[in-house]
Amino acid sequence: LNGYGCNQDMDLARSCFKQAISIDDKNATAMVNLGNTYDSTLYPSADDKKKAYKWYKRAAELQDAKGLFNVANCLHYGNGVKKNHKKAFKIFKKIYKDSRDAEATFHLGLYYQEGLWVKKNLKKAHKYYSEAAKMGDAYSNTHLGVMYATGNGVKKDLKEAMKYYKKAARLGDTLAVTNIAYMYEKGEGVKKDKKKAIQLYQKAAAQDEEYAIKALKRIRKKG
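Counted the way my numbering counts, the sequence shown spans residues 211 to 433.
It cannot be assumed that every hint is accurate.
[To be verified] As a list, the in silico EDC-like pairs of lysine to aspartate or glutamate whose alpha-carbon atoms are at most 16 Å apart:
| id | residue 1 | residue 2 |
| --- | --- | --- |
| 1 | 236 | 271 |
| 2 | 337 | 311 |
| 3 | 236 | 274 |
| 4 | 334 | 324 |
| 5 | 276 | 311 |
| 6 | 344 | 313 |
| 7 | 424 | 395 |
| 8 | 377 | 341 |
| 9 | 300 | 311 |
| 10 | 276 | 308 |
| 11 | 303 | 274 |
| 12 | 297 | 271 |
| 13 | 344 | 370 |
| 14 | 264 | 235 |
| 15 | 261 | 221 |
| 16 | 303 | 341 |
| 17 | 405 | 395 |
| 18 | 369 | 398 |
| 19 | 296 | 324 |
| 20 | 366 | 398 |
| 21 | 304 | 271 |
| 22 | 304 | 274 |
| 23 | 292 | 258 |
| 24 | 337 | 313 |
| 25 | 303 | 313 |
| 26 | 300 | 313 |
| 27 | 413 | 395 |
| 28 | 292 | 257 |
| 29 | 267 | 235 |
Keep in mind the hints are simulated off the structure, nothing from the lab.
Quick caveat, the model's predicted, so the values are computed rather than measured.
Make the full structure from the sequences, and use the hints.
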């Protein structure tokens with residue numbers, strides 16, 4: 211599946227996972243991994259997404275944590291199944307109660323921040339993002355940074371925003387790198403440093419971060 215120690219072969223991986231399921235029809239791990247073989251390609255087709263959801267759902271029916279999360283994720287984004295924020299939220303909430311999973315906790319924060327099915331509540335969004343951030347979730351750190359940078363739901367605090375952006379960047383979130391670059395470009399919370407800003411934009415752009423790419427185009431256009 212991942213090509214660890216061998217050449218990646220998705221067809222062979224599927225065959226192995228299907229064989230494992232035929233031997234044990236309650237092998238939820240094999241079901242999740244089989245779903246991943248359809249979902250992890252660069253550009254999965256609509257049919258592949260449906261097949262992935264089918265196997266995630268079977269794993270979820272066995273109360274497998276990864277299966278449940280992947281089903282919720284599919285329902286959230288509408289991958290392989292009709293988008294349903296109500297169902298997704300309930301599953302994310304169940305995972306949160308059962309295991310305090312960082313990604314599920316992040317999604318709860320997102321639901322309250324955006325008002326997706328639940329009533330918008332920035333205080334609750336901040337609570338869940340903070341919990342997930344402490345668990346090492348990169349996106350939660352970035353979202354907290356944005357809240358402090360904009361004063362959205364919290365008192366505006368650019369130093370606090372930078373703190374969260376830096377933590378998210380260390381955890382691998384390229385959007386956080388872009389946001390740090392923006393703060394250096396504009397001199398928000400830090401001393402203005404256009405050279406450093408460009409270097410950071412380039413770093414994020416090298417990883418296909420769309421806002422960094424747009425920022426570099428904007429800067430080049432201005433000369």
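Verification of the hints:
1. 236 x 271: 10 Å, holds
2. 337 x 311: 14 Å, holds
3. 236 x 274: OK: residue 236 and residue 274 at ~10 Å, within 16 Å.
4. 334 x 324: Holds. Residue 334 to residue 324 sits at ~11 Å (cutoff 16 Å).
5. 276 x 311: 10 Å, holds
6. 344 x 313: 12 Å, holds
7. 424 x 395: This hinted pair holds, its Cα atoms lying about 14 Å apart.
8. 377 x 341: 14 Å, holds
9. 300 x 311: Holds. Residue 300 to residue 311 sits at ~14 Å (cutoff 16 Å).
10. 276 x 308: Holds. Residue 276 to residue 308 sits at ~12 Å (cutoff 16 Å).
11. 303 x 274: Cα-Cα ~15 Å, so holds.
12. 297 x 271: 14 Å, holds
13. 344 x 370: 15 Å, holds
14. 264 x 235: 14 Å, holds
15. 261 x 221: Answer holds: residue 261 to residue 221 is near 14 Å, not above 16 Å.
16. 303 x 341: Distance of about 14 Å is within 16 Å: holds.
17. 405 x 395: Measuring from Cα to Cα gives roughly 8 Å; hence the hint holds.
18. 369 x 398: 9 Å, holds
19. 296 x 324: Given that 16 Å is the threshold and the Cα spacing comes to 13 Å, the pair holds.
20. 366 x 398: 12 Å, holds
21. 304 x 271: 13 Å, holds
22. 304 x 274: 12 Å, holds
23. 292 x 258: Holds, at about 15 Å.
24. 337 x 313: 14 Å, holds
25. 303 x 313: 11 Å, holds
26. 300 x 313: The hint holds at about 14 Å.
27. 413 x 395: The hint holds at about 15 Å.
28. 292 x 257: 13 Å, holds
29. 267 x 235: 13 Å, holds
Every hint from the earlier list agrees with this structure, and none is contradicted.
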